[in-house]
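Chains as they are written, first to last, in the working numbering: chain L, 3 to 430; chain V, 261 to 731.
Worth flagging that the hints you see were computed from the coordinates, not collected in a lab. Ideal Cβ placement from N, Cα and C applies to all residues, glycine included. Fair warning: there could be bad hints in the mix.
To be verified - Label pairs and their in silico Cβ distance ranges: (1) L:Y254 x V:L270: 28 to 38 Å; (2) V:S622 x L:F51: 37 to 47 Å; (3) L:L256 x V:L295: 36 to 46 Å; (4) V:L270 x L:E31: 45 to 55 Å.
Unchecked claim - One side of the interface only, derived from the structure: several residues of chain L facing chain V at Cβ under 8 Å: (5) V231; (6) F286; (7) L293; (8) G324; (9) G327; (10) A328; (11) M340; (12) F343; (13) Q355; (14) I363; (15) A374.
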Amino acid sequence: MLHRLSLRVLTLVILWMGLGVLKLDDMNENGFFLQGAVFSFLILAGALFEIFFCYQGDPYLLPVVQTILAIGLVFLARINPALAADQFIWANLGVIIYYAVFFILRDYRKLGEYQYLWGMLALLMLLLTLIFGVTINGATSWFRFAGVGFQPEELVKVALLLFLASYLSDNKELLRFGTIQVGKISLPDAKTMGPFVFIGVFVLGLLGAQKSLGTALVFFLLMVFILYVATERLLYLMVSVPLVMVTGAAGYFLFDHVRVRVATWINPWVDASGGAYQISQSIFAISGGRLLGTGLGNGIGAYQIPNADTDFIFSVIAEEIGFIGAMAVISLFIIIVMRCFCISIRATDRFGQILAAGIGILIGVEALIILAGVTKMLPLTGLPLPWMSYGGSSMVGHFLLLGILAGISHSSAFSVSQIPIGKQADAL
Amino acid sequence: MNNGIRKIALIMVFSFVFLSLGLVYWQVVKADEMLDNPANRRAVYLEERITRGGIFDRNGVVLAKTEQTADGKVRTYPLGEMFEPLLGYATVKYGSAGLEATEAETLLGMKNPSILRRIQNTFELQRTGNDLILTLDSRLQETAYQSLQGKTGAVVAIDPQNGDVLALVSQPSYNAGTIEQDWDKIITKEDSPLVNHAFSMFPPGSIMKVVTSAAIFQAGLDTTELYDCEGSTVINGQTIQEQNDKAHGWVNYDLALAYSCNTYFAQYGIKAGVNHFLEAVSNFGFGRDIPFDLYVPVSSITRDDPLPEDLSLNLFAESTFGQGQVMVSPFHMALITAGVANDGKIMVPHLINSVLDSKQNSIYRRTPEVWLTPLSKEEAEKITSGMVLAVNKGTASPGAISGAQIAAKTGSAEPGGDGDTHAWYIAFAPAENPKIAVAVLVEHGGTGGGAAAPIAKAVIEKALELKEGEN
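Could you build the full structure based on these sequences and the hints that come with them?
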């Protein structure tokens, strides 16, 4: 119990130290003391809620996410105080959603029963976005009602994951061993493979049509990796390589901005004040941080990099708290992804196992693609960094997944196999 | 299924590790290179937050400082044009130059900060840079500046015993405090005020004979031997002339230096041989980078090669008395003079005496060290006696002062093309225990004795007076 609280206290120390330094530096007027207090209250209340309801799931997952959240809030308060005020609300809402999902969704297995509903929902949301959506930063991925923008693709992630997990848990054997023999390779028949290919092609096609290419890449990798996890067939990974190359080449020749992204990725210094402005400013900020950073509030990147509050928040972090701080953030993401896989391995049912692994894959792939983008290891694709970048849709989507994950983790703790021999009868 | 999960987990961890190697690459390996990228305005923005340190002379007189006014920070130069273009300027609009540019990192406190400093920087948004204490003496600088005013050229005064630069004046100059307003006027003005003439290249003319002397000694030639100067001589079909075709009659080495006899140095230089000559010029620093706080171009013997392997006979003959293609800066000439004065040892020149951080702790202090040893003590004394004779009986007599013996050498260098000769005067005093070495150049000033000697005289008199005051 003490252990559970001490992690939360550590998170809050980070939050309040950050806000305190910003206040001392006169970086923001109100200091976010009220918002910070509400957030702190929710975190501590959550911990008490867990104790009260005997939460037996993974004890590290939520505290680590909350630490990432706290670092993100401090940096948003530093980069753009107006957005930070919104983000505090989204963060509070996210924490509430997490507990609500965990509490209401007593049995996550029920989610697996609506396999095709989830698939269709994902397609429908994407289709509606394409038709009625608003174009921001080149991508038609926004819905706008009552003055609030929303990115449905964040919810599509949840729906798609649920579809994939239930589909794969139903068809695992058929996909693994196949029913049709082609030479030495046995392949699954069209009826088995059909729904997966159908949903996959349509989801990726719609995202391509929206020009949300970063998200399309995330979904593609998610589907390939989750298929591999479920079937353990290297064949599926192998097939994806030529697929990536063909679609990548097609994207390169079809879209102007893809060509620009690739050109600025190969050599940003030629056009550092034009097309390559973002990536070169990001690199300048990161390298300006060196080992220990310029100090919170002392960096230049927060003013110089476009979208410093969303896609490039990591560059600002790397500048102001240096290599040490950036490595800490990366480590936190590694912990989250690894905890997801741990939960997956411990899960008692196939659906939960695939779902937990899928959530881990999704978070890992998202973080890797955007971080590799801002450090110029991959061409830049605009994606939010989970729990850190400004954005309500991403926050809500990821806390929904985290809530489901907590449910999986919690129920596996009560499974028969986890109970010491001799006490199983009592438990049952 | 667990096997598949483990493999994917491994791929993920490996990717994150690879990502952190990317961070190492940018934040450690490439950090300096990225800061220098022209598209990176980071240094300029950081500078705006830091109060640039002050620049002071050796006695604490303010030469440059940053003042906080209602409109922001203003860099002021209380002594105006006197220290320009040596100090240079630092503006947002036109960048920076001179000492303000080369020492920017020190003045801004960004050069090799200690761990403690870095931690302090993390918590202090408004910072103050380091102060520079120069070796210059503003009183001597004022004398040199006043004496040279109205002319084009440079004056360099060095303490021969430790290499401290005591005065460094270049004319024409400008006022760095108003450079943004005057910019167009300054850049179109004749004789380039932005260029430091002390670091520009000129033919040395007869002052080169000091260097040639070393070759004559080191070849073991008899310097007491008498030579009959007839006013001109022909070497390899090329006529070598004395100034105004004056025949000096029978001269030994001392008299030849005192009278600045071109034919003597051409004949004896050739007798010493090109290898001894090239070795001597190399020992005096030709063809070498001069270790200094500001960039000084490399002095050269020929146009194509600062320090050639060999010289044609005609070019060699002209080089012995500083014509041909020999080029040297007034600053380097002052170092050569200081080397003769300091028993043949040229000290590493210093402009920065010490650096103080914002809490006035000393974080750097210059230490005297020998740069080159072109002459033995005996050889240096021989040249000194020739230079003393030049003052007492020869061409350098306009520089003589009462109360101390000075040693000097004049030069009137053909500039190449039309116009009067460049007037040179190198000197040190007192000859028996030198405290100051001076090189003066007046561009197109005529003869060294006429145009340059009075300036050197004023500077030496002032320097000795100041030394007297110190003791």
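Status of each hint after checking the structure:
1. Y254 (chain L) and L270 (chain V) have their C-beta atoms about 30 Å apart, which keeps the hinted 28 to 38 Å range intact.
2. Roughly 60 Å separates the CB atoms of S622 (chain V) and F51 (chain L), a value that falls outside the hinted 37 to 47 Å.
3. Between L256 (chain L) and L295 (chain V) the Cβ separation comes to about 38 Å, which falls inside the hinted range of 36 to 46 Å.
4. For the hinted restraint 45 to 55 Å between L270 (chain V) and E31 (chain L), the CB-CB distance of approximately 48 Å keeps it satisfied.
5. The beta carbon of V231 (chain L) is positioned within 8 Å of a beta carbon in chain V (closest approach about 4 Å), and the interface hint is therefore held.
6. For F286 (chain L), the interface hint holds, since its Cβ comes within 8 Å of a Cβ in chain V; the closest pair sits about 4 Å apart.
7. Because the closest C-beta pair between L293 (chain L) and chain V is about 7 Å apart, less than 8 Å, the hint holds.
8. The restraint placing G324 (chain L) at the interface with chain V holds, with a minimum CB-CB distance near 7 Å, inside the 8 Å limit.
9. Interface restraint check for G327 (chain L): the shortest CB-CB distance to chain V comes to about 10 Å, outside 8 Å, so the restraint is violated.
10. With a least beta-carbon distance of about 6 Å to chain V, the hint placing A328 (chain L) at the interface is held under the 8 Å criterion.
11. Interface restraint check for M340 (chain L): the shortest CB-CB distance to chain V comes to about 6 Å, inside 8 Å, so the restraint holds.
12. Because the smallest distance between the Cβ of F343 (chain L) and any Cβ of chain V comes to about 4 Å, under 8 Å, the interface hint for this residue holds.
13. This hint holds: Q355 (chain L) has a C-beta 6 Å from the nearest C-beta of chain V, less than the 8 Å allowed.
14. This hint holds: I363 (chain L) has a C-beta 6 Å from the nearest C-beta of chain V, less than the 8 Å allowed.
15. Taken as an interface hint, A374 (chain L) checks out: its beta carbon lies about 6 Å from the nearest beta carbon of chain V, inside 8 Å.
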